[in-house]
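S.K.: Spelled out, the chains give:
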Amino acid sequence: MRVVIADDEVLLRDGLDRLLTEAGFDVVGKAGTPQELRREVELARPDVAIIDIKMPPTHTDEGLVAAEEIRASHPDVGVLVLSHYLESHYAMRLLEQHPGGAGYLLKERVSGVGVLADALARVHEGECVVDPTIVSRLLRRARPASPLGQLTEREREVLALMAEGRSNKGICERLFLGPKTVEGHVRNIFAKLGVGESADDHRRVLAVLSYLRSTPQQA
Amino acid sequence: MTRVLRFAVLVAGLGLGVFSMAVARGGAGYSFGGSSAFAGAAELVAGYALLAVGFTAWMRPRQARLGAILVAASFAWFLLEWSNPAAGSVVFTTGLVLYAAAPPLVAHAMLAYPDGRVGWWLGRLGLALGYAGSVLVLGLLAAAVFDPASEGCAQCPRNLLLVVGGGSAYGSVSRVGVYLGLSWSLLVILVAAGGLARSTPARRRQAAPVVVAGCAYLGLVAADFARSLHRGFLGDDGLDRQLWLGEAAALCVLSLAVVWAWVRARRTRSALARLVIELAESPPPGGLRDVLAGVLRDPSLVLAYPLAGGRLADARCGAVELTGEITPIVRGGQQVALLSHRPGLFAEPALAEEVAATARLALDNERLQAEARSQLEDLRASRGRIVQSGDAARRRLVRDLHDGAQQRLVTLSLALRLARTRLGRDLDPALAERIDQAEAELRAALADLRELAQGIFPVILAEEGLSAAVEALAEAVPVPLEITTLPDERLGSSVEVAAYFVVSEAVRRGAASTLKVSAARRNGRLVVEVEGDSAPREITDLEDRVGALDGCVAIVNGPDGRAKLRAEIPCES
Chain A
1 MRVVIADDEV LLRDGLDRLL TEAGFDVVGK AGTPQELRRE VELARPDVAI IDIKMPPTHT
61 DEGLVAAEEI RASHPDVGVL VLSHYLESHY AMRLLEQHPG GAGYLLKERV SGVGVLADAL
121 ARVHEGECVV DPTIVSRLLR RARPASPLGQ LTEREREVLA LMAEGRSNKG ICERLFLGPK
181 TVEGHVRNIF AKLGVGESAD DHRRVLAVLS YLRSTPQQA
Chain B
1001 MTRVLRFAVL VAGLGLGVFS MAVARGGAGY SFGGSSAFAG AAELVAGYAL LAVGFTAWMR
1061 PRQARLGAIL VAASFAWFLL EWSNPAAGSV VFTTGLVLYA AAPPLVAHAM LAYPDGRVGW
1121 WLGRLGLALG YAGSVLVLGL LAAAVFDPAS EGCAQCPRNL LLVVGGGSAY GSVSRVGVYL
1181 GLSWSLLVIL VAAGGLARST PARRRQAAPV VVAGCAYLGL VAADFARSLH RGFLGDDGLD
1241 RQLWLGEAAA LCVLSLAVVW AWVRARRTRS ALARLVIELA ESPPPGGLRD VLAGVLRDPS
1301 LVLAYPLAGG RLADARCGAV ELTGEITPIV RGGQQVALLS HRPGLFAEPA LAEEVAATAR
1361 LALDNERLQA EARSQLEDLR ASRGRIVQSG DAARRRLVRD LHDGAQQRLV TLSLALRLAR
1421 TRLGRDLDPA LAERIDQAEA ELRAALADLR ELAQGIFPVI LAEEGLSAAV EALAEAVPVP
1481 LEITTLPDER LGSSVEVAAY FVVSEAVRRG AASTLKVSAA RRNGRLVVEV EGDSAPREIT
1541 DLEDRVGALD GCVAIVNGPD GRAKLRAEIP CES
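Chains as they are written, first to last, in the numbering used here: chain A, 1 to 219; chain B, 1001 to 1573.
One or more hints might be untrue.
[Said to hold, decoys possible] Stretch by stretch, here's where chain A covers chain B in the computed footprint (C-beta under 8 Å, at least three residues):
#, stretch
1, 1394 to 1408
2, 1413 to 1420
3, 1438 to 1449
4, 1463 to 1470
5, 1476 to 1490
[Stated by the list, open to error] Under 8 Å between C-beta atoms, here's a sample of chain B residues computed to sit facing chain A:
#, residue
6, 1459
7, 1460
8, 1514
Since the hints were made in silico from the structure, they are not lab data.
Idealized CB from N, CA, C, for every residue including glycine.
Taking the hints into account, I'd like the entire structure generated from these sequences.
M.R.: Now the structure itself:
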C-alpha cells in the first residue's frame, strides 16, 4: 500500500517511515506542512495519507483541514488523522464531512504497528476508523438512565465496534460470530436505542457516534 | 478710601456741577454749557451720569479703581467751564490747567474697563501721552506762558500761574498740545479696538458697549483736535460746541453701557440665587448639569470633569466631548470642571467663579463620583487583564506540553517499537516483556500528560469554542451532564473561558446527581446555568472570574429543592 506521511516533527516522521516500511508499506512521500502534503498527494497519488492534526503555521487543526480538503479533491485517497486529542468532537468533524475513507487515531497508536496497519487497510478500503479509546470513553461516559443500560454485554461490544467504524463483516471477524448473529445484534441494538437502522455503514457510524455523544433528555 | 470720604467726593461732584453751571452762565459767550438751556442740561446730564456711575463703581470692591477714574473724569468734564474769563482768577487759573483733562480720564476709564487695570503697554503709553499732552502741555505749561493781556483777553482775570508772558511762547506750546492731543486720542482708539479684537469672546461681549461709546467720545475729541491744528488752540466756535454736544451724548451712552453690564450681572446673580435653592434639593448624580442648564437657561450646556490621564467625563463617568464656547471652573488654581455652553453665557468672568462657589459641594460630589467610577473601571479593566494574562500563560503551558513532552514521548515509544522490531522475532522473552512494560509505562505517561494538559487549559475551548468544550467536558466527567442549550456561535475568548470555568467548576463541586447545563445569549449577556440537587457552597473564585468581565454569579434556589448556579456575562455581538 502506498502511503504519504505528514508530520512536522522530523524524528517522528522518519521513525514512522521506517516502521511502516518494515511492516511492508510503501512510503512514497513525506511532508512537514499542509502545502507539502498537498503537493505529495498530487504527485505521488498515495492510497492513504497519514496526517498529524497539528501542523504549521498555527499548530491547531491544520491537519484536519488538510485531510478534509484531500477527501474532497481526491476521493480515491484515504486520510488517517493522528491526534493528541481524546475529544470525540475532532473525530466527528472529520467524519461528518466525508465519512468513508477517513480515520481518526490517537497519536500514540503509531508505535502499535498492528492497529496502525489495520486502520490503514480499513481506510484504504473506504471504511471509516475511530480510535477505540475514544469510543470506549464515549461508552463509559456518565449519563442519566438511558437505553444503553438495557444492552447486553455482547450488544455493547457490537455497538463499540460499530462506533469504531467496522462493517458487519469486520465485526464478525473480531468477535468470531456468524453474519446472521451479528445482524441480529445490530437490529436489537438499534431497536433498543430507538435509532433508525441505516443500510450504509458510514451513515451507521455517524448515527451511533451522534447517539453516544448526545445527552438524552430526561423524561 | 473710607465710605465717608467717597460720599464727600460725591457731594463735592454734585456741587461742582452746580457751581460750574453758574460759572458758565456768568460768561455765557465763552462757555459750552451756558450758551443755552439745552447745552446746560446736556452738560449736567453727561457729568452727573459719569459721576453717578463712577461713584457706584467706586463703592463696588471689584471696580473701585474704575469708579475713581470715572469720578475724576466727571470732575474734569465740569472743569472745562472754569477757564471762563468771567470767573474769578482762582477758578480761571484752575480752569486753564484742567480744561482739557477730561479726554485722557475718559480714555483711561475705557481702557481700564471693567477691572480698573490697563493691561497692554501700548495702552499705557497712549494714556501717558494723553495725560502729558492735556494736563502738562495744554494745562500747566500753557498756563505758565499765558498772559491774558498780551493774548488779547482784556476781560480775563489774572492768571495766577503766569511765569513769562508775551511773545509766541503760548501759541507754540498750545500747538504742540493740540498735535499731541490728536496723536494720543487716535492711538488710544486704535489700542481700544485692538484690545477688543484680542480679547476672549466673553470679555469682548462684556466690554464692547463701553469701548464703542468711549471710542465715539474720543473720535469726537480727535476731530476737535484735528480742526484745531491750523489755529493752534482748542476753541469754542459753533462747530466746537456741536462736537462738544456729541461728546456729552457719547459720555451718557458710556455711562449707560456700564450700567447695562451691571443689570446683566444682576440677572445672572439672581440665576445664582435660584441655583442655591435648586441645589438645596440635592440633585441626583449627573443632575447638576440639568440644574445648571435650567438655571442658566441653556439647554445645550455640558458639564465635564477632567479626570486623571486627561480624560473628560460626566458625573456618570461617560466620555464627554465639549464643543463651542468652553468656560473652565477653577478653584484653588485647579480646574475642577469644564462647562461648554451657548456663546456669551459667561460674559461676566466672575459669574463662572460664582457658579463654582455656589455649586461647590455638588461639583465636588459629582467630580469625586466620576473619579471613583473611573477608578473602578480602571480596576475592572486591570482585573480583566490579570485574568486574561493568566489564561494566556496557561494556554502557552499546555501548548508547550503538547509540542514538547507529549511529542517526545510519542517519538520515544516509536523508537522503542523500532528497536524491538530490529531485535527480530527470536527475542529473549524476558527482554521482550521488559520492552512491553516500558511501552505500557509510556502509554500511561502519555495519558497522564493529556489529563494534566486538559486540567490546565482545555485546548478544545480555545480552538473549537464553548459548545465543543462543554460537550467534551461531558465525555470526561463522572457526573452525568444534561446539556440543554449551547450557543452556536463563537463568543469572545475571555467570555468563553469564564463561562467554561463556571460550568467545569460547578461540575467539579456538584453532587453526583445529574446536572443540567445551559448557556444562551440573552440581551447582550451570556447566561450560563448549572442546575443540580445542590449548589456549590463556595463561589468566590467564580465571582472573581466572572466579575472581572463585569458579570455576576448567583445561586438561585428553586421551589422544587433544586439549586441553580447562574452566571451572567456581558458579551458584545
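S.K.: So, residue 1459/B near chain A? Judge it on the closest CB pair being under 8 Å.
M.R.: 7 Å, holds
S.K.: Using a Cβ cutoff of 8 Å, are there at least 3 residues of the stretch 1394 to 1408 of chain B near chain A, or does the coverage claim fail?
M.R.: holds (count 5)
S.K.: Verify the coverage statement for the stretch 1476 to 1490 of chain B against chain A, using a C-beta to C-beta distance below 8 Å and requiring 3 or more qualifying residues.
M.R.: holds (count 9)
S.K.: Taking beta carbons only, do three or more residues of the stretch 1413 to 1420 of chain B come closer than 8 Å to chain A?
M.R.: Per the Cβ count (6), the hint holds.
S.K.: Test coverage of the stretch 1438 to 1449 of chain B by chain A using CB-CB distances below 8 Å; three residues minimum.
M.R.: With 4 residues closer than 8 Å to chain A, the stretch 1438 to 1449 of chain B meets the three-residue bar; holds.
S.K.: Please verify the coverage claim for the stretch 1463 to 1470 of chain B: does it have three or more residues whose C-beta sits within 8 Å of some C-beta in chain A?
M.R.: holds (count 3)
S.K.: If you take the shortest Cβ to Cβ gap from residue 1460/B to chain A, is it below 8 Å?
M.R.: 5 Å, holds
S.K.: Would the hint on residue 1514/B stand, with a C-beta cut-off of 8 Å toward chain A?
M.R.: 5 Å, holds
Checked against the numbered hints given earlier, this structure breaks none of them.
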